[in-house]
Amino acid sequence: MSNVFAGQVLTLAQRSVVRTVRQPANIVFPLVFPLLLLAVNAGGLDAATRLPGFPTNSFVAFALAIPFIQGALFATMNAGTDLARDIQTGFLNRLALTPMRGIALLTGQLGGIVAMGVIQSLVYLGVGLAVGVRLESGPAGALVLIVLAVLISIGFGALGAFAALRTGSGEAVQSLFPVFFVFLFLSSMAMPRNLIEIDWFRAVATANPVSYLIEAIRSLIIVGWDEEALALGFGFAFAITVVAVALASMALRTRLARS
Amino acid sequence: MTDRHGIEAQGLVRVFKKGPRAVDGIDLRVEPGEIYGFLGPNGAGKSTTVLMLVTLLPPTEGSARVAGYDVVSEGPHVRASIGAALQEAALDPLLTGREHLRLQTTMHGMSAADRKQRSGELLERVGLTQAADRKVRTYSGGMKRRLDLALALVHSPSILFLDEPTTGLDIQSRLALWAEVERLARDEGVTVFLTTQYLEEADALADRVGIIDHGKIVAEGSPADLKAQVGRPTVEVVPADREERDRAAAILARFGEPCGSAAEGVAVRLRSGEADLAEIVRALDAENLKVEHLQLHQPSLDDVFLAKTGRSLEGAGDEEEVTPAAELALDRA
Amino acid sequence: MRALAVARGVAWRTLHNVFTNPSLLIPSLVFPLFFFVAFAGGLSQVDNVPGFDFPLGYTAFQFVFVLLQSAAFGGVFTGFGIARDFETGFARRLLLAAPNRTGIVLGYGGAALVRWLVTAAVLTIVALLVGMTVGGDGIDLLGLYTLALLVNIAAVLWAAGVAMRLRTMQAGPVMQMPVFLVLFFAPVYVPLSLLQGWIHGLATVNPLTRVLEAGRGFLAGSPTEVGVAFAVALGLAALFSLWALRGLRSAEAAG
Chain A
1 MSNVFAGQVL
11 TLAQRSVVRT
21 VRQPANIVFP
31 LVFPLLLLAV
41 NAGGLDAATR
51 LPGFPTNSFV
61 AFALAIPFIQ
71 GALFATMNAG
81 TDLARDIQTG
91 FLNRLALTPM
101 RGIALLTGQL
111 GGIVAMGVIQ
121 SLVYLGVGLA
131 VGVRLESGPA
141 GALVLIVLAV
151 LISIGFGALG
161 AFAALRTGSG
171 EAVQSLFPVF
181 FVFLFLSSMA
191 MPRNLIEIDW
201 FRAVATANPV
211 SYLIEAIRSL
221 IIVGWDEEAL
231 ALGFGFAFAI
241 TVVAVALASM
251 ALRTRLARS
Chain B
1001 MTDRHGIEAQ
1011 GLVRVFKKGP
1021 RAVDGIDLRV
1031 EPGEIYGFLG
1041 PNGAGKSTTV
1051 LMLVTLLPPT
1061 EGSARVAGYD
1071 VVSEGPHVRA
1081 SIGAALQEAA
1091 LDPLLTGREH
1101 LRLQTTMHGM
1111 SAADRKQRSG
1121 ELLERVGLTQ
1131 AADRKVRTYS
1141 GGMKRRLDLA
1151 LALVHSPSIL
1161 FLDEPTTGLD
1171 IQSRLALWAE
1181 VERLARDEGV
1191 TVFLTTQYLE
1201 EADALADRVG
1211 IIDHGKIVAE
1221 GSPADLKAQV
1231 GRPTVEVVPA
1241 DREERDRAAA
1251 ILARFGEPCG
1261 SAAEGVAVRL
1271 RSGEADLAEI
1281 VRALDAENLK
1291 VEHLQLHQPS
1301 LDDVFLAKTG
1311 RSLEGAGDEE
1321 EVTPAAELAL
1331 DRA
Chain C
2001 MRALAVARGV
2011 AWRTLHNVFT
2021 NPSLLIPSLV
2031 FPLFFFVAFA
2041 GGLSQVDNVP
2051 GFDFPLGYTA
2061 FQFVFVLLQS
2071 AAFGGVFTGF
2081 GIARDFETGF
2091 ARRLLLAAPN
2101 RTGIVLGYGG
2111 AALVRWLVTA
2121 AVLTIVALLV
2131 GMTVGGDGID
2141 LLGLYTLALL
2151 VNIAAVLWAA
2161 GVAMRLRTMQ
2171 AGPVMQMPVF
2181 LVLFFAPVYV
2191 PLSLLQGWIH
2201 GLATVNPLTR
2211 VLEAGRGFLA
2221 GSPTEVGVAF
2231 AVALGLAALF
2241 SLWALRGLRS
2251 AEAAG
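Residue numbers (my numbering), protein chains in the order written: chain A, 1 to 259; chain B, 1001 to 1333; chain C, 2001 to 2255.
Treat the hints as calculated values from the structure; they're not laboratory data. Be aware that one or more of the hints could be misleading.
Footprint (simulated), chain A over chain C, 3 or more residues, beta carbon under 8 Å [claimed, not checked]:
| hint | segment |
| --- | --- |
| 1 | 2161-2169 |
| 2 | 2233-2246 |
Residues of chain C clear of chain A, computed beta-carbon distances all greater than 12 Å [said to hold, decoys possible]:
| hint | residue |
| --- | --- |
| 3 | 2004 |
| 4 | 2017 |
| 5 | 2099 |
| 6 | 2227 |
Note that CB positions come from ideal geometry on N, CA and C, so glycine has one too.
For reference, chain A alone in the conformation it holds in the complex (with noise of 0.2 Å):
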């Protein structure tokens, strides 16, 4: 039987994964927007490094860390999408008349998300290299860094699942996107935390969880092996993706209402 699962998860993440590849929008925009941004911001702020205090002398090494949350966030938001079509087309309906059980279906929409998570990770890593940004905690951190951003990715994936599975709708989907847009941004993802001047800002950004994802890719980035920016960083992603996950499966229970 566990063969059987296994075949099951991994066809339904290989169908992700083609859909996805399928869609050449969906997979240029979450590798190019991310990247333009960085490029943007790098040659906007550069000027910042100078600020006494600032933990590197090169931005882009500093904001090298916001494309993998941005990326897992628009893969993220495909995925869901294309989710909420499959419920709009009746497609589950075909999978839950099989045999299927709910739990496959889950593993192989993240299976998905995972495929698409390590390839933009090495996309944006390649990138950070090829215009000089080395990497403090060397090669292990490279690796390191791939597994937090697949982590933070299926954490994501899975919230983007849930929004899919309870809501059925395609545009309630991408309605989210604002909403994690909003935690991006009032996060220290542009600035460190100890040199945000605004108090009610800096409030916000140390609350927000998004802060520690970037911050623990940060670390690998520009300081090395920062135990505690790695935990925290883990620490969120891991709780993250188990309450998405767990809601996402009782959405799915719910949405399967068969028998």
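Using the hints provided, position chains B and C relative to the given structure of chain A.
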């Protein structure tokens, strides 16, 4: 206990939140190997009934057994016995036909070798071998429905549910699909539960028809029985020589009571059904009466629908042209 | 003037749509405010960078950018509406019914303007509430808002030209992307003098840089390069009105 291949429902009700009683107490019984046509206008409750029978929607009240299993408490057994092509072929436009089959066979837990063999077999059967590696986006409506059918047959189900399988298809695609459904029932003994809003479809395909309106079955029986309930067929004759109307009327009167007809012809309601048609042709021939036009008017399922609900089903064909047998007889006249 | 009557009809209908439909109204109000908060709040420390010479502080510095950005994106949002009108067939009805079709472009433009003025008012009030300091006098501020208004007009004409050529909602990114690039390849976060390398080169030739720096000058009460800025803004508006009118011809040709 229902037969392992049959369908049985008692007092099936589905009420949607803030909505009407979409299905309002349906009793039905479909015998193994039978093609059962569920005929009704849009929104009559056909699809809701199907969703309950295939275990995708729990009934609000009532119970149903499909393939001998209860749809509420034995869902997995029901699903293992049935195949379903639900409304609007639910396909992924980005995948190819073959990829759809691979997905479906994998979900059913088939081995790699079985998957390949079964996929090839089904593609061949629905005539999609050539198009198997094209993305579904490029398929015509008929091809999509055929792929949908193939996907429903992957695990050789004994009962097949088809929800409006030919809605929106052109005539040729429709006929091809009908032929395949008939073949499945005839050669493989598959029980078919088919919903449709097309009279001709129910008439041509179904052994028995249930007419549903506002969530209730208003009439049930074989198409012929249902039509016989509303009235017997009529025959209209237009003599070549209009002066001979009276003579024609006299001949026709032997076969039934006169009824209304166009000014130039005469018509009778047949006493014993359309079998009389050949006799009429022979009688006219024997009396040497030249006929310009002879037509058999069959009561249609629309007449049945009209009689039971007071409304007409949209797009109903209101009369049947002369059957091939009658045409043959006419040639000799 | 028949063109004006047509323009008034089109503008009224577009505005009615926007102001009775929260999903259209809210984003164009909230996005600029959000950017303002995120940039001015998160990056306020940037005014401590050696060489940062804007006298009014970082909030005022960012306000000018966000004001221009809201003007540009407000125009693009209206372009989305035009594309939607073409997709639903409403625009075709307009083309058939309007005695003077130039009035259609004027009407969409007018609607975009009114819509942006509302956004600009909200943005200004919020900026003043969070303590933005203003150095310029009335004339200076008139200069700032007039520049922004010209940017709004140029943007809506650009987007309308795209919408009338492609006539589908999928043209959204085509309208948005170039505007986005022009905006962000300007000195967004720091003055031009603090930019280095490739971005300095790009920002120097970017026409919007002139408008942005002049706008900041107006707000500070020390206008610089005013002539160039107005020439650029007027030039863009004139260029894109040609673009939009030729787009209208293309829509007419397509029927």
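Could you work out which earlier hints the structure fails to respect and list their numbers in ascending sequence?
Checked against the structure, the hints that fail are numbers 1, 2, while the rest are satisfied.
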